[in-house]
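Student: Full structure from sequences and hints, please.
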Amino acid sequence: MKRLARRSALRQVARLIGMAFCAPAAALGNARVDYRTSAPARRELLAKDHGLKGDGITDDGPANRAFLKLCQSSGADAVYTSGIYLFATMTGENHVLIPAPSDTRIIRRGRVVFKAGGGMNSAAPFGWNFIAPERTGPDFEIRNLVVRGITFDHNGANNTYRMPATPKNAAVLAPHCRNVVIQDCKSLNNAGRQSFSLGSVDDDGTPTAEGVIVERCSIRNVAQAIPGNASATDHSSIYVVANGFTIRDIDCSNDRPCSVSTGVEFHGTRGRVYRVNVRHYAQAANFSAQVCDTEDVVLGPGVIGSSLLAGITFWCNAGRTLDAQVTGPNDFRFRTNVVSPFDAYRNIDECAIFSLRFEGTRYRYEGSRHAINAPDGLRIRYFRSLVFRGNHAQDLLGRALYIGTCSPGDGAHVRIENNVFERCSSTTMNAAYDSAIMLGVDAPCTFKTLTLTANRAYACGSTLYALSSAPVKIGAMQDENTSIDRTMKRGGMIGAAVRLAPGRIRIQRTDNASPQDAVRASYGSEIVDSTTGTVWRCNESGESAQAWIPLSS
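Under mature numbering (1 follows the signal peptide of the UniProt record, and there is no 0), the letters of the sequence shown match residues -25 to -1, 1 to 528, in that order.
For the record, the hints were derived by calculation from the structure and aren't laboratory data.
Mixed in with the good hints, there may be bad ones.
With a cut-off of at most 25 Å between alpha-carbon atoms, the simulated PhoX-like pairs for lysine-lysine come out as follows [unchecked claim]:
(1) 423 - 448
(2) 23 - 161
(3) 28 - 44
(4) 44 - 23
(5) 28 - 161
Tutor: Okay, here's the thing in structure tokens:
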């Protein structure tokens, strides 16, 4: 009897403990309990319980505004169950379909599509936006917003370009924001400018966003890929200006080639952009310091571009700092060879503070041959430092690497190491190009140090690298472990106007032959053979075998 009484008492205690745990959960309505922490999860409110239809016919905009206000005020997650939610009512200066709430999570259960109504660009010529603040400014900052799992259908065929400007038509727009996370979302059929646009700058060039994450998102059919949208320009599917940002696991794809769209564009500090796949776009990325300084930002690894016109464009305005790093492995394939795949030339200001580390990237051209307009792989100028390491260039009509004048007055350090060049400078345009690498173009310029180590070239004209015949000053140069195939004549060529200071080039050679077959240089130049110790001096201009004489061994 005592044992039975004890069991009955234990059952009663267990029942009381269960009631104690259940009571708070019941008070929370639809709340879920996280048993890993024994703490209740956030409360959830279902959109269809609060007047939204999700039938693809009814304008859910008005009901959704009230619903999100309720979620924000009660600290609940806004949960949308399967359906097509049509939004056709715009409010505010930003022509917003869904006013962006702070401290809210917008989450889907099932297959959820937010679809824009048609003809809205006619009413809002500068564009409309799905989730955005109704006005722009620091007083309208969006904080602690999560958007997860939503498919945004921008209804591009019914919202094409309208004058006077290309509209944004963003899925999420937050010019001033903090701790905004966009996960597992899709943006479809956007005829506007940006699908996800986060951040801007204030008057002194400080980014107005911080703590931005865009991950596991896909963008499909933008800009010219929209039928009837031939006039669209300047599309960057993801546009971020922030201090502290991550863009990762992104897929950007058009069903047909487009000549104006960019996958990702980013400005700011402490940024990481990786595992980005871009297909049938104009280019993969804009790496930019136009509106603010961009430092401690890395693009890669895992950037894959296919059927592109270009790969990456680098931008840096006067007085701005761009410390750009491209880290592999990355892979790019280009459908036509009409622009430089990696352009650090046209949009770099003479007074920019620019350095570039470009590593581990394979790039090649897969289109038909052209006899004209043969651009180079990476074109760069007005820089202070360049590291070009571990890259693999194939089948380019122009040179794989084209180095113009460096930063005026300051000079530059250049390291070109462990690269492979195959069938570059292969244009049929009067054999205009004859090397895999061209250095010192647009001189005068100064290379404080110039190091070329363990580079290999196959069928890249006659020379692996060529130093321009324009005025170039070299502080110190080292060329070792260069390898060329039988179709090529020499490892390096130095133009007649190059001035060496202190006047020595260190080149590794495997025999004691004259360096004439490996390098051309101006009168008085010297080469130190690091293998044999022989010092060679150029006593004549030109390339005759008698130009080089050994001074010591």
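Student: Each hint should be assessed against the structure and marked as holding or not.
Tutor: How the hints compare with the structure:
1. 423 - 448: 8 Å, holds
2. 23 - 161: 22 Å, holds
3. 28 - 44: 18 Å, holds
4. 44 - 23: 15 Å, holds
5. 28 - 161: Roughly 21 Å between the alpha carbons, so the hint for residue 28 and residue 161 holds.
Comparing the model with each earlier hint shows no violations; every hint is respected.
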